[in-house]
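S.K.: Here the protein sequences line up with chains A and B, keeping their order.
Numbered according to numbering that gives the first Met the number 0, the first sequence spans residues 0 to 299.
Numbered according to numbering that gives the first Met the number 0, the second sequence spans residues 0 to 372.
Hints are supplied without guarantee of correctness; some may be wrong.
Stated by the list, open to error - Below, a list of computed lysine to any residue pairs in the SDA-like style, where the Cα atoms sit at most 20 Å apart:
no.: 1; chain 1: B; residue 1: Lys246; chain 2: A; residue 2: Phe257
no.: 2; chain 1: B; residue 1: Lys366; chain 2: B; residue 2: Gly346
no.: 3; chain 1: A; residue 1: Lys68; chain 2: B; residue 2: Ala372
no.: 4; chain 1: B; residue 1: Lys290; chain 2: B; residue 2: Gly72
no.: 5; chain 1: B; residue 1: Lys230; chain 2: A; residue 2: Pro266
no.: 6; chain 1: B; residue 1: Lys227; chain 2: A; residue 2: Thr135
no.: 7; chain 1: B; residue 1: Lys186; chain 2: B; residue 2: Gly233
no.: 8; chain 1: B; residue 1: Lys121; chain 2: A; residue 2: Gly213
no.: 9; chain 1: B; residue 1: Lys265; chain 2: B; residue 2: Gly72
no.: 10; chain 1: B; residue 1: Lys121; chain 2: A; residue 2: Gly262
no.: 11; chain 1: B; residue 1: Lys366; chain 2: A; residue 2: Pro69
no.: 12; chain 1: B; residue 1: Lys54; chain 2: B; residue 2: Lys86
Hint data in this document are derived by calculation from the structure and do not stem from the laboratory.
Just so you know, these numbers come straight off a predicted model, no measurement behind them.
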Amino acid sequence: MTSAGEPAVDPAARPVRGGRGLPLTWLGVTPFFVYVGLFLVLPSLIIGSGSFTGKDGGLSLENLSDIQKPYIARALINSITVSIASALAGAIAGALLAYAVATGNPHGVLRRTVTSASGVLAQFGGVTLAFAFIATMGTIGFVTLFLKDHGIDIFANGVWLYELSGLTLVYTYFQIPLMVLVFLPALDGIRPQWREATESLGGNTWHYWRCVAGPLLAPAFLGCTLLLFANAFSAYATVAALITQGSIVLPLVISNLFTSETGRAQPGLAKALALAMIVIVAIVMLLYTLLQRRTSRWLR
Amino acid sequence: MKLSSPVRQLGLAAIAFVLVAACGGTSSAPASCSAKTATSVADCGGIDSLYAAAKAEGALNVIALPLDWANWGEIIPAFKAKYPGIKVNSANPQGSSQEEIDAINQLAGTKDAPDVVDVGMKVMLANTQLFAPYKVATWSDIPAAQKEASGVWFQDYGGYMGIGYDPTKVPGGTLNSISDLLGSGFKSKVALAGDPTISNQALNGVIMIAVANGGSLDDVAKGVDFFKSLKAAGNFVPVKGTIATIKSGQTPVLVEWDYLSAAHVKDVPGWKIFVPANATIGGYYAQGISKGAPHPAAARLWEEFLYSDQGQNLFLKGYARPVRMDAMVKSGRVDATAAAALPKVSGTPLFPSQAQSAAASAYLSSKWAQAIA
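Bound-form chain B, shown alone:
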């Protein structure tokens, strides 16, 4: 038994460490704030005591926030500047929504588990049991359809499906209708931002084309037919469009979210976006606070920041449409310059429901490969 005693000591040390760490966490936070169960900032006695509790936790774990996506690159430093003393650990910036959920499950109980997520709606609705209800101070500004009533999830920013293009590579320098894409001037130029049987963004791209061509949110067949013609015309590039293929010129015309497309102007001077008036397809991302968040107060403080005027205007500066936009336009708190720089959208926005997306996805799984073969 002599040999095993160091192991036992190690085990005892580990248990002691966990106990100390746990006590440390509860004792240093103000007694008025049990952040783990707080459903609003009032439960924590106001923003100042929430900040104090978050500072005592010392860190915030965020995941899958690419710095060139929806202005996260400016939002994270702004949060750190406003609330000094909280370290922001940004994990796996290029990860997918599904990988955020996987991280919550795989790292559960560790100090590295994500505190908050920013995920697509499909993934959010499939995993609502992982999230704690919380209502930010500006809750009433969020349209009812864009939040879960108890605050399990609430959308943060979004945009519309558009067609981004390099005007120097397009006949006439402008794109005015989707049928133009079939013309001979677009040979090997048009791409999607992924395979629509895998990528949600690409799926919405096909839905957008379908609606523009006389289909509907319930009928994606016309979109598949369009890509079939595009392929037959030799205009379709079967490559996943990314910032790299745009820079190299491989995909000078790319169907993608307008807020991602708008940012390409930094890399391709003069980059433009066309959003068809008769097919304005919208999509929003959603925030959720993990039930097992290792830093529950910091997670709630982060949400308060994202949904403050400052946070929402920072999304806007990154060409994404913040969820409180309408209310902020009415109250005059919106950043007017940033709002004016948004890609122009003239049509009535349509939002595919989960059932419609699922039906479109099922149709594509059997038809897509053949259409572009």
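Okay, chain A solo, but in the shape it has when bound:
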């Protein structure tokens, strides 16, 4: 194996900084880039090329123009609506909860309980969450039946749980804890001394919120809201388990276009829709990054 021309390498020798040979520092990040390449870049490229491939295999814009079909446009609007609604509800409720936690004892039971519960509940999406709601608030859920026995029919005007309003409620369940987690660091960055400074200069609570805390927190709040939007926009398993009829949101339309056994399978169109979702999420995340940058200027 070893040729005579090369110096023997002592295996016990420690690498010397600035020594000869190839730099090996990149080795540590290789797994990350391989991972990103395989599971983010490659699928995106496949989706991108598939979107522009027609049924005959040639270059085509047919898939992209099919996005205007009424049932697809409707699902896209539904997706955006439910994402905005659940993001706003989650952001407001989550911010209030985070504020209550931030102003409390930093080592108290409340804070520890809320943050650890949020950590768990923010991940409590998907099939389990859908079934939890079906079992409690579905047509035969025990909360529904209990209220019915006491004269309250929550579904008197139709079973809204399986509609957009129900979906918004279910999504809010994982949006609020996520908001607590991502907004709490921003609130912690607000120092009590700033309030004291406002008061010593003659300002009241309104002045403090209007001129100090508000402007400082606004970018963080908006940024977190955008994150929640992206979170809801891409959610699939929850809605797939909850609403199995009519492809109410875009991820379900995409899934149906892949799995139909009645001849409706159109992988090209599905990829075009996925591309549209990537574009929307990319725009949202770009705005999020810009807002985060603005936030971090003040709140370190």
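We have chain A already, so just place chain B on it with the hints.
M.R.: Same frame as chain A, but now just chain B:
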């Protein structure tokens, strides 16, 4: 090169193994039976030598046969009892028709590839090139419209679209017409067995409602309109009806195949089925023997068993209508008790053609989501 020699040895061993396995397969089967190309049991010298060849193969790979569907749970053990020595490997029992085809393609050439499939007609007609022609001994009993002339596929069992319901959850305890479903007593109770833009069963459900409401096999619009009204009345449950939603009571009224519905009586006592007389929509599944079947003799023996009186009566016991039913009723070989237990059907059966199903499916793809929004 020293390092690579174990690899080479391994390769040689693998080739040798394949050769031995291949020789073993041909040498142990009787010379009179080349099962791979046999198009009838006579080509193999009768059922006994077919069994001998199948026994030499030792196994049969079946796929996507749920034990609670059309009585597969009784048919597979009955086959094993009649032909001992053949191991039945049942893969992916909950798989779809499309997944059966995918398995044939993905496992091609391996010993795990499916030998036989039981698939919906849409999937069968799109993949006929994968199947070897074979005519079972009882071939002439199968109606001409329900088989491919050379034996590439042949339907095995089927039934009619019906509306299954739990009588304790329905006003009056019986369902007599489809328009009843719009009444206030059916609030949040009526479901389909899937999304009709995806599921063939649900698509046939919408076609059935359309025909019952004055539409036809060519005009599914009235069915979509009906579900729109059903939704407006608050009676439609946008959930895929399954045995689980029936047991829990989430979908007490479910549009589905009558032979699947009839089996729910085990889980919901008193479960009933209504098949509208003016809209009796039929659908059959089909058998096919894979060209690349790793156990070609066992595959043919399996088909002979399914289409024997015993096999056909076992389908019947599972509430499915076997394809030889008419002939067996005439010859008196039908299991009369099982036949009497079938859901009652009074109308003339209608079978949507592939073109009609495709047109209905195309209409639904653009209209369904809006109708039930």
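S.K.: Check the structure against each numbered hint from earlier and tell me which ones fail, lowest number first.
M.R.: 1, 2, 4, 5, 6 and 8
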